[in-house]
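A.B. asks: Can you build the whole structure from these sequences, using the hints too?
Residue strings, one per chain:
Protein chains: 2
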Amino acid sequence: MEKFDAELEDVYVFKLVRAAQAFKQYAYDALAKKGIDVTSDQWVVLKKVSEEPGINQRELAKAIYKDPASVTRILDVLIKKELIEKRQGKDRRIYEIRLSLRGEKLVEKTLGVAVDIRKSGLEGLSSEEIQIFKKALDQVFKNYSG
Amino acid sequence: MEKFDAELEDVYVFKLVRAAQAFKQYAYDALAKKGIDVTSDQWVVLKKVSEEPGINQRELAKAIYKDPASVTRILDVLIKKELIEKRQGKDRRIYEIRLSLRGEKLVEKTLGVAVDIRKSGLEGLSSEEIQIFKKALDQVFKNYSG
DNA sequence: AAACAACTATTGATATATCAATTATATATT
DNA sequence: AATATATAATTGATATATCAATAGTTGTTT
Chain A
1 MEKFDAELED VYVFKLVRAA QAFKQYAYDA LAKKGIDVTS DQWVVLKKVS
51 EEPGINQREL AKAIYKDPAS VTRILDVLIK KELIEKRQGK DRRIYEIRLS
101 LRGEKLVEKT LGVAVDIRKS GLEGLSSEEI QIFKKALDQV FKNYSG
Chain B
1 MEKFDAELED VYVFKLVRAA QAFKQYAYDA LAKKGIDVTS DQWVVLKKVS
51 EEPGINQREL AKAIYKDPAS VTRILDVLIK KELIEKRQGK DRRIYEIRLS
101 LRGEKLVEKT LGVAVDIRKS GLEGLSSEEI QIFKKALDQV FKNYSG
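In order, the protein sequences belong to chains A and B. Taking the numbering used here, the leading residue of the first sequence gets 1, the next gets one more, and so forth. Taking the numbering used here, the leading residue of the second sequence gets 1, the next gets one more, and so forth.
Check before you lean on any hint, since a few could be wrong.
Same chains, same names: a pair is fine if it fits in one copy or spans any two.
DSS-like, lysine-lysine: derived pairs with alpha carbons at most 30 angstroms apart [said to hold, decoys possible]:
| # | residue 1 | residue 2 |
| --- | --- | --- |
| 1 | K80 | K34 |
| 2 | K135 | K119 |
| 3 | K33 | K142 |
| 4 | K142 | K109 |
| 5 | K142 | K34 |
| 6 | K81 | K62 |
| 7 | K142 | K86 |
| 8 | K34 | K66 |
| 9 | K34 | K105 |
| 10 | K66 | K81 |
| 11 | K80 | K33 |
| 12 | K119 | K90 |
| 13 | K109 | K119 |
| 14 | K142 | K119 |
| 15 | K105 | K66 |
| 16 | K109 | K90 |
| 17 | K81 | K109 |
| 18 | K105 | K81 |
Simulated from the structure, these hints should not be mistaken for laboratory data.
C.D. replies: In structure tokens, the structure reads:
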């Protein structure tokens with residue numbers, strides 16, 4: 001028996017989606033302000049590739065929880081920006097993904113900005129609240145991806 | 001001076017975006033399973049219009065934190081599905097948005113499912129944690145939309 | 001009233017997401 | 001070896017997001 005409905009504003013999933021969207025926009029603007037022309041989704045790819053140079057697209061997609069089709073298209077953009085390089089491995093179905101020199105420089109430059117962006121988002125929250133926040137995000141993700 | 005960087009997996013904004021995405025997918029599938037063919041974004045529009053029949057697109061966009069252009073396109077889809085009706089008001093720049101009969105029935109049918117979907121996402125969290133979670137989502141949103 | 005300014009909605013361009021279908025290659029089976 | 005199956009990546013279709021430009025209306029100002 002369902003007891004209640006709620007106004008949109010009070011619904012946590014609404015808040016969740018809204019916060020995620022606001023973050024993406026804020027991040028894009030903050031990076032642009034530093035002359036860094038990448039979206040947060042492109043950044044996720046760049047960061048993961050810098051953590052695991054030579055990773056292939058399937059693994060990359062899995063690691064960042066994106067569809068392989070999305071990864072293909074994000075890589076297209078990053079290759080056009082000359083931040084990423086694709087090389088065929090022995091298995092010619094597979095591409096090894098690496099940062100270009102330019103990509104490496106950009107990642108270096110961006111790391112600090114990314115830290116600042118994250119910090120800005122948490123202002124006004126205690127470390128206990130932040131702990132619980134992260135835990136809740138993980139739990140919600142788990143509940144919704146099972 | 002930035003002290004540290006972190007692996008993607010540990011970054012809360014990554015968790016945030018990932019949870020939001022997982023929710024959208026889960027919601028879509030759960031609704032589809034009940035024979036309800038709307039995305040969570042379409043649902044947000046339908047819900048808001050049911051809360052404020054006759055609302056115009058500008059107000060609607062503001063209320064649900066979407067770009068007016070996005071609202072136009074979501075409405076296009078909902079009109080094609082015959083769930084929404086647009087009527088011109090006296091001011092002929094403005095459209096009054098209303099649910100169709102079919103839209104009203106769908107909203108009725110969907111409300112309960114939506115409650116269940118939200119509940120599923122919170123399993124394993126205490127009400128204190130949920131309170132803090134909501135507060136954190138609001139704070140992050142505020143920090144990122146200022 | 002005419003010219004200009006302000007406002008609502010739409011459209012086009014680009015980025016991303018999902019799903020289904022396709023291509024190319026590799027592996028397994030007979 | 002030839003055929004069938006599996007895997008990696010791409011592509012096309014549709015939905016949504018942002019931004020910029022435009023179209024249609026209304027309001028203002030002279």
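A.B. asks: Identify every previously stated hint that the structure contradicts and give their numbers, smallest first.
C.D. replies: 7, 12, 16
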